[in-house]
Amino acid sequence: QQQVKQSPQSLIVQKGGISIINCAYENTAFDYFPWYQQFPGKGPALLIAIRPDVSEKKEGRFTISFNKSAKQFSLHIMDSQPGDSATYFCAARNDNFNKFYFGSGTKLNVKP
Amino acid sequence: NAGVMQNPRHLVRRRGQEARLRCSPMKGHSHVYWYRQLPEEGLKFMVYLQKENIIDESGMPKERFSAEFPKEGPSILRIQQVVRGDSAAYFCASSPRQGASKEQFFGPGTRLTVL
Chain Z
49 QQQVKQSPQS LIVQKGGISI INCAYENTAF DYFPWYQQFP GKGPALLIAI
99 RPDVSEKKEG RFTISFNKSA KQFSLHIMDS QPGDSATYFC AARNDNFNKF
149 YFGSGTKLNV KP
Chain S
1397 NAGVMQNPRH LVRRRGQEAR LRCSPMKGHS HVYWYRQLPE EGLKFMVYLQ
1447 KENIIDESGM PKERFSAEFP KEGPSILRIQ QVVRGDSAAY FCASSPRQGA
1497 SKEQFFGPGT RLTVL
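In order, the protein sequence lines correspond to chains Z and S.
Each residue of the first sequence is one higher than the one before, counting from 49 in the working numbering.
Each residue of the second sequence is one higher than the one before, counting from 1397 in the working numbering.
Bound conformation, chain Z alone:
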């Protein structure tokens, strides 16, 4: 059973546009939701994270929106740039257990 479902699988956005990636989770015990950015040949790097006590978190051009009742969260990238082209993974974890459950990834291509 996949604990975290991510969509879309791939996304093409024009430079300056908004990229939106969505994730849904099953386990209501999850209490930490990060997004990771991965470039080809590299390991995932933490981009931004949220806990379920807030509905939105913004860091620069990156915003997480969190809907606890729907068990969904999304990443919004404002003013998308070609340098944002990468694969993005959402993840979830319960603080009592140290393992992350990852979504299947979204390959973002920002066209110049």
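For the record, the hints were derived by calculation from the structure and aren't laboratory data.
Possibly wrong hints are sitting among the right ones.
Covered stretches of chain Z (in silico footprint by chain S; criterion: 3 or more residues with CB under 8 Å from a CB of chain S, positions within the stretch not fixed) [stated by the list, open to error]:
1) 121-128
2) 143-157
Listed below are the simulated DSS-like cross-link pairs for lysine-lysine, each with C-alpha atoms no more than 30 Å apart in a straight line [stated by the list, open to error]:
3) Z/53 to S/1440
4) S/1440 to Z/105
5) S/1423 to Z/90
6) Z/106 to Z/155
7) S/1458 to Z/90
Even for Gly, the Cβ is constructed at its ideal location relative to N, Cα and C.
With chain Z held as given, fit chain S onto it using these hints.
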């Protein structure tokens, strides 16, 4: 402060051989996690270790796979008698000792190819 280091970065093995993947956590980190990433898929948790202890190996296949994190030296993920299905990227992550955010920092991965 060097990040998480993994070696080798690329490893080619023939079916039936053994693969040894090494991970040196960030300085001051005593928690190590191994994840596997199949092509076009997300990362799947394999095992969580602290120094000399396996804490959670619920994601590790029961046969052929083993992991250790000795008192001295890197963590090792060992795959015996590799098969083509073991071809994947294996990522190691580390987190601080205690009282921290428990954030995990990932290494660059080892890409295993089984011929």
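Checklist entry - Taking only the CA atoms, is the gap from residue 1440 of chain S to residue 105 of chain Z under or equal to 30 Å? => result Within the cut-off at roughly 26 Å; holds.
Item to check | Assertion that chain S covers the region 121-128 of chain Z - criterion: three or more residues, beta-carbon distance below 8 Å | outcome: violated (count 0)
Checklist entry - Do three or more residues of the region 143-157 of chain Z come closer than 8 Å to chain S, measuring C-beta to C-beta? => result With 10 residues close enough to chain S, the hint holds.
Checklist entry - Is it true that the CA of residue 1423 of chain S sits at most 30 Å from the CA of residue 90 of chain Z? => result 20 Å, holds
Checklist entry - Keeping to a limit of 30 Å between CA atoms, is the pair of residue 1458 of chain S and residue 90 of chain Z held or broken? => result 28 Å, holds
Next on the checklist: Holds or violated: residue 53 of chain Z and residue 1440 of chain S, Cα atoms, limit 30 Å.
Outcome noted: With a Cα-Cα distance of about 13 Å, the restraint between residue 53 of chain Z and residue 1440 of chain S holds, given a limit of 30 Å.
Next on the checklist: residue 106 of chain Z and residue 155 of chain Z were given as a pair; does the straight-line alpha-carbon distance stay at or below 30 Å?
Outcome noted: 21 Å, holds
Of the numbered hints listed earlier, the single one contradicted by the structure is hint 1.
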